[in-house]
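Given the structure of chain A, go ahead and fit chain B onto it with the hints provided.
Here is what each chain is made of, one letter per residue.
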Amino acid sequence: MSVEVWTWTIVILSFALYLGIGYWARVRETAGFYVAGRGVPPVANGAATAADWMSGASYISMAGLISFLGFDGAVYLMGWTGGYVLLALLLAPYLRKFGRYTVPEFVGDRYYSNLARVVAVIAAIFVSFVYAVPQLRGVGIVLSRYLGVDVATGVWAAVLVTAFIAVLGGMKGITWTQVAQYVVLITAYLIMGIALANLLTGNPIPQLAFTFSDFAVRLSELQVELGFKEYVAPFQNLSALNVFLITLTLMVGTAGLPHVIIRFYTVPKASDARWSAGWALIFIGLLYTTAPAIAVFSKYNLLNTLANKPLEEVRQIDWVQKWEKTGLLKLEDKNGDGILQMSGDPQVNEVTIDRDIIVLSTPEVAKLAPFIVGLVAAGGLAAALSTAAGLLIVIASAISHDLYTRLINPGASEATKLLIARVVIFLVVVLAAPFGINPPAFIAQLVAFAFGLAASTFFPAILLGIFDRRMNMQGAVAGMIVGLVFTASYIIGTKYLGWPNFVFGITAEGIGSIGMLLNFVVAYLVSRATPPPPQEIQRLVDEIRIPKGSAGSALEH
Amino acid sequence: MDREHLEAYWAKNLSLIRNLLVVWAVVAYVLGILLAPALNGIRLFGGPPLGFWIAQQGSIYVFIVLIFVYAARMQALDREYGVAD
Chain A
1 MSVEVWTWTI
11 VILSFALYLG
21 IGYWARVRET
31 AGFYVAGRGV
41 PPVANGAATA
51 ADWMSGASYI
61 SMAGLISFLG
71 FDGAVYLMGW
81 TGGYVLLALL
91 LAPYLRKFGR
101 YTVPEFVGDR
111 YYSNLARVVA
121 VIAAIFVSFV
131 YAVPQLRGVG
141 IVLSRYLGVD
151 VATGVWAAVL
161 VTAFIAVLGG
171 MKGITWTQVA
181 QYVVLITAYL
191 IMGIALANLL
201 TGNPIPQLAF
211 TFSDFAVRLS
221 ELQVELGFKE
231 YVAPFQNLSA
241 LNVFLITLTL
251 MVGTAGLPHV
261 IIRFYTVPKA
271 SDARWSAGWA
281 LIFIGLLYTT
291 APAIAVFSKY
301 NLLNTLANKP
311 LEEVRQIDWV
321 QKWEKTGLLK
331 LEDKNGDGIL
341 QMSGDPQVNE
351 VTIDRDIIVL
361 STPEVAKLAP
371 FIVGLVAAGG
381 LAAALSTAAG
391 LLIVIASAIS
401 HDLYTRLINP
411 GASEATKLLI
421 ARVVIFLVVV
431 LAAPFGINPP
441 AFIAQLVAFA
451 FGLAASTFFP
461 AILLGIFDRR
471 MNMQGAVAGM
481 IVGLVFTASY
491 IIGTKYLGWP
501 NFVFGITAEG
511 IGSIGMLLNF
521 VVAYLVSRAT
531 PPPPQEIQRL
541 VDEIRIPKGS
551 AGSALEH
Chain B
1 MDREHLEAYW
11 AKNLSLIRNL
21 LVVWAVVAYV
31 LGILLAPALN
41 GIRLFGGPPL
51 GFWIAQQGSI
61 YVFIVLIFVY
71 AARMQALDRE
81 YGVAD
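Taken in order, these protein sequences are the chains called A and B. Residue numbers for the first sequence follow my numbering, so the first one is 1 and each next one is one higher. Residue numbers for the second sequence follow my numbering, so the first one is 1 and each next one is one higher.
If we strip away everything but chain A, and leave its shape as in the complex, we get (with noise of 0.2 Å):
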């Protein structure tokens, strides 16, 4: 079968299968809309927790990314990873504990305040909104690539079966189609991993081939020779304070993301919720250790294929006419003399790479089987689609359960709130379609606020509200402002407005950490010039504080 046939049989079969898994699970209660049920086993919750953190860019871009900033790719590594460390011991067991809905649930009631709980919506709404675009269009993306159909055609079967998982299933449809969907990323990933490790180095461990062959020393050698930077040293793209500020700001920013906070809601236990985040980041960890080797192994193997090599023998080479003919890989002999020149100097550079064909090409490159290539384009569509549906029911929750069933209408009855649900989650994945199809221009630039505005509002407020019993509502809100004021208009500043990069050359991208710590100061400061929070807050903080009680507090709600 050719490799169109087996991409289209593996897509339908993924899809019938994630759509058989929404039918499956479908839900009769709010407990089972928005937090499963709380009965999800934490080896399953990993599994969703991690097709849930990584989207399409994850899959499709980040290897790439990695390869082409060398040693600073570690800013994401370390920072995507790293977050979960804070979660585990900082937040999850005790929202677990806390046993609501969703994460506004936690900042409003916590701080007794109506203003704090509609300055979290608006912020999770945002920050998941930003996050879900982009990958409804990755999905259209992978489609229209593999599949030839256009990228709107692509961005509505996203969207439909999205839709009919969520609609019927909330929650808990979500989290046993994520399980499934990992299982899918991450074995095209590894097969992919695999293959190419076996090729170059003959050890079919991707991790051990990294660590005990001497490829990264040769692809650095290799660059250096070519006139680019080296790869394994580091502060070549980056410089050393905004690598260590980009990857704080990443781990923080992790840690206070409300689509990865509220899959914690969703275990039977508080303890549950901390082994849960260990086999998050086992199940994370797999593609994050991956990834590096497949950057070293597809650099080093594309670098050595082309440069210097006669264009004529290069354009006999069936991937490089394929991706030619995308304008992914440009050739061009500028100075005519038939040969590939590879520079660091774009004057006399021969040949441009996007990064995103790194993982893309992979299969090819690596000679794998037809079927193979049809499973990292399921893949590519798997970590998409579960993220995109990961964040719309925390735009929807947001919507539905924070502002109609707390604010507007609390005495509803369960099957109005149900409905309500379903109705808005049904709207909100409609409508994020246009997006998707014509995304704005600036959505990519907006990921720097979320990952920013999730470290700089969100985390802190949570932290001090478990941490800090005296913590009260002054201060948390004057600190979320502040971090949220400071961490905009930075970003805003040196993304739009020209601004130099005033704090000691801190980029947008890493300028969150200097905004969750003016939240800490702030939160400080003000609590303690003005009242302690009431007696039954108090009483609350102490409750969150021990796990015992949390497998009943299903019942409570």
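Among these hints, one or two may not hold up.
As the list claims (entries may be wrong) - Straight-line Cα separation of at most 16 Å, EDC-like style, residue types lysine to aspartate or glutamate; simulated pairs:
hint: 1; chain 1: A; residue 1: Lys548; chain 2: B; residue 2: Asp85
hint: 2; chain 1: A; residue 1: Lys334; chain 2: A; residue 2: Asp345
hint: 3; chain 1: A; residue 1: Lys417; chain 2: B; residue 2: Asp2
hint: 4; chain 1: A; residue 1: Lys548; chain 2: B; residue 2: Glu7
hint: 5; chain 1: A; residue 1: Lys309; chain 2: A; residue 2: Asp337
hint: 6; chain 1: A; residue 1: Lys330; chain 2: A; residue 2: Asp356
hint: 7; chain 1: A; residue 1: Lys322; chain 2: A; residue 2: Asp345
hint: 8; chain 1: A; residue 1: Lys322; chain 2: A; residue 2: Glu364
hint: 9; chain 1: B; residue 1: Lys12; chain 2: A; residue 2: Asp542
hint: 10; chain 1: A; residue 1: Lys325; chain 2: A; residue 2: Asp354
hint: 11; chain 1: A; residue 1: Lys334; chain 2: A; residue 2: Glu312
hint: 12; chain 1: A; residue 1: Lys548; chain 2: B; residue 2: Asp2
hint: 13; chain 1: A; residue 1: Lys325; chain 2: A; residue 2: Asp345
Stated by the list, open to error - If you want the footprint, here are the derived chain A segments under chain B, 3+ residues with CB under 8 Å:
hint: 14; segment: 87–93
hint: 15; segment: 231–240
hint: 16; segment: 285–295
Said to hold, decoys possible - Residues from chain B that face chain A, not an exhaustive set, calculated with beta carbons under 10 Å:
hint: 17; residue: Trp10
hint: 18; residue: Ile42
hint: 19; residue: Tyr70
What the hints contain is simulated information worked out from the structure, not anything from laboratory work. Ideal Cβ positions, reconstructed from N, Cα and C, are used throughout, including at glycine.
Frame of chain A; chain B shown alone:
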């Protein structure tokens, strides 16, 4: 449950968190970033330079271990203080 008992449990939890976060910070920020240029002089396995390896691979293994150590130690602590769920 009396206040003193709860405070003792919480103090132990906090010191465990502090110790694990010190390891987390040392591995990621000191070894993986600040000392990476110096550690790159060492090639431990005959493979990539050590600073590069910690930043791109080793740190992730340490993070995983930290969470499981925390979960196991807290489970024991929960039982010891009778607050297990």
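Here is what the structure says about each hint:
Distance hint between A/Lys548 and B/Asp85 is fulfilled; the C-alpha atoms sit about 4 Å from each other, no more than 16 Å. Proposed proximity of A/Lys334 and A/Asp345 is supported: the alpha carbons are some 13 Å apart, at most 16 Å. Distance hint between A/Lys417 and B/Asp2 is unfulfilled; the C-alpha atoms sit about 39 Å from each other, more than 16 Å. This hinted pair checks out: A/Lys548 and B/Glu7 have alpha carbons roughly 15 Å apart, not beyond 16 Å.
Distance restraint check for A/Lys309 and A/Asp337: the Cα-Cα separation of roughly 11 Å lies within the 16 Å cut-off, and the hinted pair is therefore satisfied. Our distance criterion of 16 Å between C-alpha atoms is met by A/Lys330 and A/Asp356, whose separation comes to about 13 Å. A C-alpha spacing of about 26 Å is found between A/Lys322 and A/Asp345, which places the hinted pair above 16 Å, so the restraint is violated. With a CA separation close to 10 Å, the supplied pair A/Lys322 and A/Glu364 stays within the 16 Å bound.
In summary, the hint linking B/Lys12 to A/Asp542 is supported, as the alpha carbons are separated by about 15 Å, within the 16 Å threshold. For the suggested pair A/Lys325 and A/Asp354, the alpha carbons sit about 13 Å apart, so the restraint of at most 16 Å is met. A hinted pair counts as satisfied when its Cα atoms are at most 16 Å apart, and A/Lys334 with A/Glu312 qualifies at roughly 14 Å. Restraint check: the Cα-Cα separation between A/Lys548 and B/Asp2 comes to about 14 Å, which is no more than 16 Å; the hinted pair holds.
Proximity of A/Lys325 to A/Asp345 is assessed by CA-CA distance (about 24 Å); at most 16 Å being required, the pair is judged violated. Check on the segment 87–93 of chain A: 4 of its residues sit with their Cβ under 8 Å from a Cβ of chain B, so the three-residue criterion for coverage holds. Check on the segment 231–240 of chain A: 5 of its residues sit with their Cβ under 8 Å from a Cβ of chain B, so the three-residue criterion for coverage holds. Only residues whose beta carbon comes within less than 8 Å of a beta carbon in chain B count, and the segment 285–295 of chain A has 4; three or more means the coverage holds.
For B/Trp10, the shortest C-beta to C-beta distance to chain A is roughly 6 Å, which falls under 10 Å, so the interface hint holds. Taking 10 Å as the C-beta contact cut-off toward chain A, the hint placing B/Ile42 at the interface is violated, the least distance being around 12 Å. At a threshold of 10 Å, the smallest CB-CB gap from B/Tyr70 to chain A is about 5 Å, leaving the interface hint in force.
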